[in-house]
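Take these sequences, add in the hints, and give me the full structure.
Okay, here's what each chain looks like letter by letter:
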Amino acid sequence: MSRDIDPVTLAVIQNGLQQVCNEMDLAFQRSAFSPVIAEAMDRSDGIYHRDDGALIAQGEMGLPIFVGTMQYSTRTVIERATNLAPGDLYIVNDPYLGGTHLMDVRMAKPFYYSGEIFCWLSNTGHWRDTGGAVPGGFSANATEVEQEGLRLPPVKLYKADVLDEEILAIIMSNIRIADQTIGDIKAQVAALSVGEKRLTALLDRYGARMVEDCIGEMRTRAAQQMRAKIATIPDGRYESVAWVDSDGVVDAPLKIDMKIRKEGTELYFDLSGSSPPCKGPMNSVIASTRSSIYLAMKHIFPEVPINAGTYEPLHIADPEGTFLYARYPRPVSGCAAEVSQRIAEAVFAALVQAVPDILFAAPAGTSGNFALGGHDPGTDKPYVMYLFTGGGYGGARDGDGLSNGCSTIGISTMQPVEVLEQRYPVLFERFALSEGSGGPGRQRGGFGVDYTIRIRDGWARASMVMDHGRFGPQGVLGGADGGVNRVAIHRDGATYVPPHLSKDQDILVGPGDVIEVSTPGGGGYGDPWQRDPALVARDVGRGYYTAEQAAAMYGVALDGGGAVDAAATARLRGRGAAAE
Amino acid sequence: MTRVVGCDVGGTFTDLILLDEAAGEVRIAKVPTTVENQAFGVMAAIGQVNGRLDRLDALVHGTTTTTNALLEKKISRCGLITTRGFRDVIELGRRTRPNAYGLLGGFEPLVPRELRLEVDERMDAAGEVVRPLDEAGMRAAAEVLAAAGCESLVIHFLHAYANPAHERRAAEIAAEVWPNRHVTIGSEIISEYREYERGVAAAVNAAIQPVLDRYISRLTDELSAHGYGRDLLVMQGNGGTVSSRIVAEHAINTVMSGPASGVMAAAFTGARSGFPDVITYDMGGTSSDVGLIRDGIPATSAELQLEYGMPIHVPMVDVHSIGAGGGSLAVIDDAGLLRVGPQSAGAMPGPICYGRGGTQPTITDANLALGRLNPAALLSVDNPISLGHVRDRIATVVGEPLGLDADGAAAAILQIGNNRMAGAIRMVSLARGHDPRDFALFAFGGAGPLHAVALAAELAIPTVLIPARPGITNAIGCVVADVRHDYVNSVNKPLDQLDMADVRAVLEAQIAEGRATIEREGVAVEELVLVHRAEMQFQGQSHMLHVPLPGVDVGKAALRRAFEEVYFNRFSLELKEIQPVLVSLQTAVIGRRGAVSLASLADAGARAGSVAAARTGERRVWFAAGWRETPVYDRAKLPLGAEFAGPAVIEQLDTTIVIEPEATARVDDVGNLVVAVPPAYRG
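Note that the protein sequences, when read in sequence, are chains B and R.
If you read the first sequence in this note's numbering, its first letter stands for residue 1, the second for the next number, and so on.
If you read the second sequence in this note's numbering, its first letter stands for residue 581, the second for the next number, and so on.
Please keep in mind that the hints were generated in silico from the structure rather than gathered at the bench.
Careful: at least some of the hints might be erroneous.
Unchecked claim - Listed next, the in silico DSS-like pairs over lysine-lysine satisfying Cα-Cα at most 30 Å (straight line): (1) 186/B - 1156/R; (2) 1156/R - 381/B; (3) 1136/R - 381/B; (4) 197/B - 159/B; (5) 156/B - 186/B; (6) 1156/R - 156/B; (7) 159/B - 1156/R; (8) 197/B - 1156/R; (9) 1136/R - 186/B.
Okay, here's the thing in structure tokens:
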């Protein structure tokens, strides 16, 4: 400790800084227009170090993927900032400067106390549109970042508290639904003002010097806490591979090659064996790649608080020359939503070998991004319907996986079918649990979702950026993979399946056409032949699996009444046991 | 109304208050809750106050029967029939997970998948029939579920809020084959869009309806056997009551009614004592409940959830539970930092000082070590533990790693615990759009009054109000509650497309339904009060704000202005360029019961002539500035109108109040304690 900080003050200031961030999160979310922010909570707010942007504290209600990216983003602003004055506020969405994809727009503001910059306040919000080839920005077949939308380097949107109307005009002229986005901009700026007010109160009460000392101490302590957790992982090398279906342009899988070395209290991550940069939008910028690993570790050790210290024992070699270190002008719209989840999956798959009691099989790991853009003859207006669906989570030592869980990088809820049908000229024929999709295991994976949409009126174009169409989420410790993602479009008696299975763009559909999607199930955990036969019988009774699947996947035979046939089961499983 | 009983069943105790206004008398009982059948505890409490049931005018009852049944999954077997293609809606939920970080855990739907059947039928969002109801299929499905031993049935169809015709026809068909009355129609529980929340609410209702029905029958049998011939009123989560005759129809409305009673009592007491704006703080053993009252009216919400996977989206008093209570554990984490809660010692083993085997220090133990709780009270616990032992454990577990002695460690637990609770209260208040400094803090529950003054200081709240009888606040809530029924209907139209005649028609239908219900339950009410409001948002937004409506006749321009004003007050933003949307219309139909006076709670008879005469002794108590010899008062003896400065400890049967040295206390004319927290002392 730099000087004596009493433990009570330290804890109180830590709570205080956390509270400042939580209040920024709340202010942003409550007044935002974008449902992506207000409902999907696709935003984050935090406090960053004045010199290098290192994370001091970040809101607990922020989108998980942002746990790691914002300090890089803030650092690039600090490096480029000139002629700073109180009331200046930067806006930036350049993916290559510590970002994710263009839709994640960051704002950063120097926080002045007694005339000096004490720290920076930043936030990120997912805008509904930033221009580009397709509404919403998720172009499945962009080959350059320019096709994905307007790219802003760090520029001052406010100078000394005065909005720069000229910069605003440039932004407004380059994005769709600009009239509603102004509401989001105001909300994002207002959130930082809330942070300034609360942080000033905290410094007034405890003194800048004391808070400064506590920030240093908190960083040391968080590193210590993460190291204590890492120490519980046995020393060794743990490897895994995860696959992205394709980049949306070239129909070939992309490999994430994860090699983790655990030594003492440190973890070393090597991704250098991964695929080279890709042509389509599945490239990942380095901030997003790093953040995916941080996010995975936070899912494994949720109780460790997040600040720059948390990441000190995590050593990630820059995967130069791979698609996980994208440089301009590689398209990157898929990095936050899809590739990040596959990187996290690779971390889980490697470390489950080391600490099987606390880890789990792979979750569905796709955001299931489906967009339908068309013209509604009823209202005579264009519309864009976005649908993000969940999938099954992986089994774990103590239980089966959750069904229809949110993407691992998000925390959002899905829009009700009743709302979607109110707003768009579609009719859902089904929204159901995807039977058989849970990966078999001693603890099975959770189930994905089957949904079927019929176009009622008008013409539209369907696009999707999904994943796990080629390979199901990985089973572990003898468990089998979860079911794959499926897309089929039925038109005029013919069925169209996207060539890349999970990614496609601008598929023309009209009245009566039907779009059918199944999302992935979670991976199984442990040998399915060791699953309690009574649970298998229950699952068949519920229609999760058929009796045939129970026999083939679990080695459990049921009698005519659906109860376990113990003798037949023993015969089926006897074969398995003999093989061991 | 002259003789009325309020009886609230809590987790540990069943509390009862008998108010006899004519005689100016109040009697109170506290008996252990009888978990298996709460009626036994209720009868025992009535016995304790010697309540002549034949002479009572009303009996108002708050029960946790339904809440407990849901939490402990002791629910009835129920079946569900729904629109073809949608039987998994209540199992799939809204694509969430239990915690933001960590991918473990889940929930079991209230109706297992094998008991969820589908029939052919379909409405669209406009309420028009896309596919007619397959009546034969409906009958067959009901027969299958009845044969499968289901005790109750849910009928839940897509878009039934827009047109309930199919649901109602399906219910008629089901009634012909169903062996009892336990058929729940989804749109009659909630008439709003959102199929998951509406379906879960319907399933909750069906799952607890038979349980509540049985309990109420047993209780009314017991009561009539003892000569009671008047109304039995049951508390609901909306803070109002309903006749026992119809309570089971909407059994879901009784869920979480306990916390609602407390807030109703606070609203009544606060308004009576000149504090219409109040934050309530009910601190228990494992958690604390926070509620908000503005202008004497408790905030309500239709978006509460009982636990993960169980949203209860019927209108209820908005009570937020925070994970901190007397039993919150103090632990040193891997970073060497002291954390207090959210883990709790619970009832078993409980705090160290309970003598049930607890070894890990809690907030209660810290209060004891710091003289804030009376060490002599240790004698009343299961296995007496010495104060020295408690202090030793605190020194060992918390003090040693932090380099603190027992005093310092206990003080650290208290300060960090208070800091965390204050932060949580602040977030609850901010999330509802209010600055806590504009409120008084109303503290009750076993531990609320112990911490209230320190919490108010931390939150910069100027006044703390501690009611005369903090330990029976919920029972008092029963006594003061009115008959109340809430109705919500979706509209979901931008103002420019809205026909105001439709608005009027919806509100009038809600009023008619409320009147009919109050008539049907046959409870004597003195007047009917109607409260209307609209839920609104700007087009494209997700969050909604409540806009009060003066009556059924609403002009479009006035509605727009009212919404913009509410929006500006909340967010300081004007958005003239965006179209407002009327999302839903709500009406509360409130039947006022005769007003009660709480003056008799003050119990003037027992009071001493002066503050000094109410003093029972003194002890060393720790405050932020160190140990102080602190006078101890007997609350029952403090004279009405008395004023005195802190530090002070005030003891009464069921709670202890600590007045920090900087604060001053006053006993008001009905026995409430009003504590002023000076500005300099506020954080």
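These are the hints, each one checked on the structure:
1. In summary, the hint linking residue 186/B to residue 1156/R is supported, as the alpha carbons are separated by about 14 Å, within the 30 Å threshold.
2. In summary, the hint linking residue 1156/R to residue 381/B is supported, as the alpha carbons are separated by about 22 Å, within the 30 Å threshold.
3. At roughly 24 Å between alpha-carbon atoms, residue 1136/R and residue 381/B fall within 30 Å of each other, so this suggested pair holds.
4. For the given pair, residue 197/B sits about 19 Å from residue 159/B by alpha-carbon distance, which is consistent with the 30 Å threshold.
5. The suggested pairing of residue 156/B with residue 186/B holds, with an alpha-carbon distance near 15 Å, which does not exceed 30 Å.
6. As the CA atoms of residue 1156/R and residue 156/B are separated by approximately 26 Å, the hinted pair is consistent with the 30 Å bound.
7. For a cut-off of 30 Å, the pair hint linking residue 159/B to residue 1156/R stands: about 25 Å separates their Cα positions.
8. Taking the CA atoms of residue 197/B and residue 1156/R, the gap is about 27 Å. The hint holds against a cut of 30 Å.
9. Note on residue 1136/R and residue 186/B: the hinted pairing holds, with a Cα-Cα distance of about 27 Å set against a maximum of 30 Å.
Checked against the numbered hints listed earlier, the structure breaks none of them; every hint is satisfied.
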